[in-house]
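J.: Work the whole structure out from these sequences, hints included.
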Amino acid sequence: MVNPESKKELQEMVDRYLHGKASPEEEKFVEAYFRHIQKENEQLAVPEDATLEERLLSRIHSAIDEQEPPIVPVRRRIWPKVAAAAAAIVAVSAAFYFFSGKEQHREPAQLAVHPVPHDVAPGGNKALLTLANGDVIALDSTAVHKLGGSKLNLGAGLLAYAQTPDGAMVQYNTLTTPRGGQFCVALADGSKVWLNAGSSLRYPTAFTGNERKVELTGEGYFEIAPQAEKPFKVQVRDMQVTVLGTHFNIMAYPEEAAIQTTLLEGAVQVSSGHAGHRLKPGQQAALDKQGAWKVLSGVNTEDALAWKNGMFSFREADVATIMRQLSRWYDVTVEYKGAVPALRFGGYVSRNSNLSQVLKILELSGLQFSMEEGKIIVLP
1 MVNPESKKEL
11 QEMVDRYLHG
21 KASPEEEKFV
31 EAYFRHIQKE
41 NEQLAVPEDA
51 TLEERLLSRI
61 HSAIDEQEPP
71 IVPVRRRIWP
81 KVAAAAAAIV
91 AVSAAFYFFS
101 GKEQHREPAQ
111 LAVHPVPHDV
121 APGGNKALLT
131 LANGDVIALD
141 STAVHKLGGS
151 KLNLGAGLLA
161 YAQTPDGAMV
171 QYNTLTTPRG
181 GQFCVALADG
191 SKVWLNAGSS
201 LRYPTAFTGN
211 ERKVELTGEG
221 YFEIAPQAEK
231 PFKVQVRDMQ
241 VTVLGTHFNI
251 MAYPEEAAIQ
261 TTLLEGAVQV
271 SSGHAGHRLK
281 PGQQAALDKQ
291 GAWKVLSGVN
301 TEDALAWKNG
311 MFSFREADVA
321 TIMRQLSRWY
331 DVTVEYKGAV
341 PALRFGGYVS
351 RNSNLSQVLK
361 ILELSGLQFS
371 MEEGKIIVLP
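Just so we're aligned, residue 1 is where the sequence shown starts under UniProt numbering, counting upward by one.
Where hints are given, some of them may not hold.
The calculated SDA-like cross-link candidates involving lysine to any residue, where the alpha carbons are at most 20 Å apart (straight line), are [said to hold, decoys possible]:
1. K294 / S272
2. K375 / E255
3. K192 / A252
4. K337 / K308
5. K192 / N125
6. K308 / E265
7. K28 / N3
8. K192 / E256
9. K213 / N125
Honestly, the hints are just simulated from the structure, not real lab data.
No experiment lies behind these values; they were computed from the predicted model shown.
T.: And the structure:
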């Protein structure tokens, strides 16, 4: 039976677990102890102004540094505070990126991978291009096309339109990413738009007139080429974003509670009806379904960009929010057996992980899942 006899052995076991090198017995020890701590309702005392990763790292270091581990009434020597901290950091850091204040860099850690029935691979670069005449092209190969006077270059996950001379015939194309897909389009003016899963962008093949206008559903990240004399406008249902040259993200899935616009660089004007707000970098505007605005300052823009950079970002995210993200990326449905668990999570998970790996992380918090073909079942 696995039984760490010293602090050093425990640290080494945690490290092996985080890097997928632990033996099956060591994996069971770490996971079983974490579940034991959860059942005993032991909580980690952590300040609210630190990220969850930083808080857990701080706690595990301080716990392991304690001089004398207590003796508990069983036949082996264990350290409750150390084990609780170790298990908690494993729960959040395995397959997450965790942050160390001393080293100032992020270090990836992965769970051990074992075959899982009905597992689902992560999404990837795939999309459909709908042309002005209604024809639909699956963007799954590298090619160069000439359609209606527009030259298209298709690469790995990127559709690029060549710039066209003034007076070129304008047609509208629609790029659609299915659930489990993502894609990037470089528009005729040099602007780039990345689409998350289950999204679409309708745009002209050439920008003429005194404005550049596109329509978005779902989620997209925009890097707009500056043209002071020709503002760029994004229409999202009843909301419009007006920019000159800037970087921003719009999350507008209909199943979410609000449309969120997060500004990284430059300035944008968001408006709906007669109300609107001018955003500065680091601000996020949310428009709920009742038409009410909420503007936050000093938001972590990396969270809004995480999906584009190959990560899930969970910041105090509830179970339903996480399940919606997993549903879109892995193209699965979600079924709840009983009430939705009232838990919240923080951290980053690689979108390149198989679905079973992500669920294994969540299970360490006390959640339970089963998987069927194309479905996640959240158990009571």
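J.: Now, for every hint given, state plainly whether the structure supports it.
T.: Outcome of the hint check:
Simply put, K294 and S272 have alpha-carbon atoms about 13 Å apart, close enough for the 20 Å limit, and the pair holds. Under the criterion of a C-alpha separation no larger than 20 Å, the hint pairing K375 with E255 is consistent with the structure, at around 18 Å. With a C-alpha separation of about 18 Å, the suggested pair K192 and A252 falls inside the 20 Å cut-off, and the hint holds. In summary, the hint linking K337 to K308 is not supported, as the alpha carbons are separated by about 32 Å, beyond the 20 Å threshold.
The suggested pairing of K192 with N125 holds, with an alpha-carbon distance near 16 Å, which does not exceed 20 Å. Under the criterion of a C-alpha separation no larger than 20 Å, the hint pairing K308 with E265 is consistent with the structure, at around 16 Å. For a cut-off of 20 Å, the pair hint linking K28 to N3 stands: about 11 Å separates their Cα positions. Of the supplied pair hints, the one linking K192 and E256 is violated, its CA atoms being roughly 25 Å apart against a limit of 20 Å.
Simply put, K213 and N125 have alpha-carbon atoms about 25 Å apart, too far for the 20 Å limit, and the pair is violated.
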